[in-house]
Amino acid sequence: MTIEYEDVTDVLRRVRLSGRLDVPGTQAISIKFTGLSATQAKRVVVDLTEITFLGSVGIRELITNAKALQQRTGKMVIFVGNNAMVAKTLETTGIDALIPLFTDLDEADKGAMS
Amino acid sequence: MAATGTASTVEHAFAASVSQIEPVASWVSQACKGLKVSEDAIGRLDICVNEVLANILSHGGSGALAAPIRMQLCVEQGLEDGAATLTISDSGVPFDATRCAVRPAAGTLADAQPGGLGVIMLRANADDLLYSYHEGENRLEITVRWQSP
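Chains as they are written, first to last, in the working numbering: chain V, 1 to 114; chain C, 1 to 149.
Each hint can be trusted.
Derived lysine-lysine pairs resembling DSSO-like cross-links, with alpha carbons at most 27 Å apart: (1) V:Lys67 with V:Lys88; (2) V:Lys88 with C:Lys33; (3) C:Lys36 with V:Lys88; (4) V:Lys110 with V:Lys32; (5) V:Lys110 with V:Lys88; (6) V:Lys88 with V:Lys32.
Label-pair restraints from in silico Cβ distances: (7) V:Met113 with C:Asp111: 23 to 31 Å; (8) V:Ala41 with C:Lys33: 41 to 49 Å; (9) V:Thr92 with C:Gln72: 23 to 31 Å; (10) C:Ala124 with V:Thr52: 12 to 20 Å; (11) V:Asp7 with C:Ala105: 29 to 37 Å; (12) C:Glu39 with V:Met113: 33 to 41 Å; (13) C:Ser17 with V:Leu12: 34 to 42 Å; (14) C:Ser148 with V:Leu105: 36 to 44 Å; (15) C:Glu22 with V:Ala97: 26 to 34 Å; (16) V:Thr34 with C:Ala110: 13 to 21 Å; (17) V:Leu105 with C:Arg70: 38 to 46 Å.
Hint data in this document are derived by calculation from the structure and do not stem from the laboratory. In this text, all values refer to a predicted model and were calculated from it rather than measured experimentally. Where a beta carbon is used, it is the ideal one built from N, C-alpha and C, also for glycine.
Please model the entire structure based on the sequences and the hints provided.
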């Protein structure tokens, strides 16, 4: 499980997760993910295009940090690209109704900034 | 299922530990590939295995952690379709994922509460779920089916 980030502008950050977001994978990135995505009032695009497995514990991590970011007047969106498995899991659990979901990166950036 | 099909069964037992989740999920996927289970069915079974193990380890109590978790994978292949049934047995507190209530979906991010998604994912990805509790052991049968291309 790996986590990388890029500050596109002063307020817009992209956080890319790669690997299996299962129990061990989520434990491995949890502290760093919170530090990158929820501790500042930023607009954050979480890139899940390289996620090979998304479990409920990983979704819980997304929700927890999206809520924390919103409470700091920030905003999180999710970019899935053509990762159909991840998109299906997020839709099955109704998370796409809580955190905006995008298949296009430019649209995800715009969605985060809106 | 076609009457001319074949059936294969493999078994595995492992310690109830978070460190075992990925090796066990890999074992299930590899065994399924070897038995010609479809990629879609393997992916759905992978989700089910992870959610069941996460639940056992998080909520099964000390009894769950004290005894090995056992798995039996049975794959039936017909000419036009197939079915894989994974039976997971553990010694945790009784928990029936087929009947437990799930929390209604939150309307907003602010209202969202963590937890409860595992059961939703399990039910959404399994074609059949069968639960029993006998002599201190949970037994959950998860079946996924597929059509041959």
